[in-house]
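Asker: Sequence:
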Amino acid sequence: MKFRAAVVALALFAVASCGENTAPKVAVALRVLSPSRISDTIQATFTDPVTVQVMDAQGHGVAGGVAFFIVSPPESLSQYPIVYFGGSAQTPDANQYQAYADQQGMVRVFLRNGAKAGAFRVEIRVGPAADSVVVTIRPGAPVVVTLAPKDTAVYVAASYELTPHLYDRVGNLTPDPVSFTARRATVASSDSNLVQAHATGRAYIVVTSGAARDSAAVSVVPQGRILAFTHRIGSGEIAKFVLFDLDGSNYRVVDTTSFAFNNRGQYFYPDGQSVVFHDVCRPGVLCLFTMTILGAGV
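Sequential numbering from 1 applies to the sequence shown in our numbering.
To be clear, the hints were calculated from the coordinates, so they are not data collected in a lab. Beta carbons are placed, not taken as given, at the ideal position from N, Cα and C, and that holds for glycine. Heads up, a few of these hints could be off.
Computed spacing ranges between beta-carbons, pair by pair [unchecked claim]:
hint	residue 1	residue 2	range
1	Arg202	Glu161	16 to 26 Å
2	Val170	Glu123	21 to 31 Å
3	Ser159	Arg282	50 to 60 Å
4	Arg169	Tyr269	54 to 64 Å
5	Arg31	Gly87	12 to 22 Å
6	Pro222	Val170	44 to 54 Å
7	Ala44	Asn193	46 to 56 Å
8	Tyr204	Ala44	30 to 40 Å
9	His231	Thr290	17 to 27 Å
All chains should be modelled from the sequences, with the hints used to inform the complete structure.
Answerer: Here you go:
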């Protein structure tokens with residue numbers, strides 16, 4: 001009887017074994033187990049890997065399944081890799097990567113940021129399935145600051161804005177705060193990016209952020225006008241008189257007569273409404289001419 005029972009047990013085992021599905025598992029799905037959004041500064045390596053489980057249609061892990069990693073869209077790789085991939089924290093140096101799952105269907109890939117700041121999508125593909133992780137690359141510490149306009153002229157009581165730009169070591173704009181100070185604050189002051197003119201003279205505005213520093217100059221000028229002549233030689237323009245205020249405002253062309261000489265020697269009349277200048281009136285002879293600041297009377 002014992003022998004018969006053993007035979008029956010073996011027969012049942014054989015039937016059960018024949019009923020099992022022995023088809024190989026096929027990787028058709030994936031699941032991202034690590035955070036879907038990660039962030040660090042430029043050129044930093046993440047200490048924790050992106051972890052993905054490669055699965056079959058029943059949701060079981062597939063050993064040896066292949067996962068592909070790439071930054072999407074591909075055109076973002078046109079100049080330099082945005083994100084580097086590798087199998088360990090010491091080896092992220094590939095701009096595209098494929099990794100094989102372990103016995104539990106797990107894939108672990110380490111990421112290193114490139115030099116371009118911004119938010120980028122790392123696409124992960126397993127067979128027909130795809131998922132993604134958003135990588136936000138923050139700028140580095142500011143090392144350069146620029147200020148614009150670099151030099152300007154204004155009248156007393158006028159104000160204008162300065163525009164600072166901060167850059168990290170590879171040229172990304174950074175959002176770090178800046179501070180403003182004025183040298184010769186009795187001429188012009190600036191507690192922020194707004195410059196206020198107080199008295200005629202020359203002042204300098206200094207902007208700093210950490211060790212980064214730049215400056216801009218401001219001339220506070222008296223009220224007045226300038227009549228200038230732009231000659232045609234080497235300028236690429238026609239010769240003309242132009243009139244503008246001492247702070248650079250109200251620029252306009254006064255006259256574009258076909259002048260023969262490249263230096264007008266122009267002077268205002270005392271009333272400020274007319275101008276005297278010289279030009280060639282006949283071969284080898286210079287004559288005096290007058291005109292109003294509207295260009296009449298040449």
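Asker: Confirm or reject each hint.
Answerer: Status of each hint after checking the structure:
no.	hint	result
1	Arg202 / Glu161: 16 to 26 Å	19 Å, holds
2	Val170 / Glu123: 21 to 31 Å	25 Å, holds
3	Ser159 / Arg282: 50 to 60 Å	52 Å, holds
4	Arg169 / Tyr269: 54 to 64 Å	58 Å, holds
5	Arg31 / Gly87: 12 to 22 Å	20 Å, holds
6	Pro222 / Val170: 44 to 54 Å	46 Å, holds
7	Ala44 / Asn193: 46 to 56 Å	31 Å, violated
8	Tyr204 / Ala44: 30 to 40 Å	37 Å, holds
9	His231 / Thr290: 17 to 27 Å	20 Å, holds
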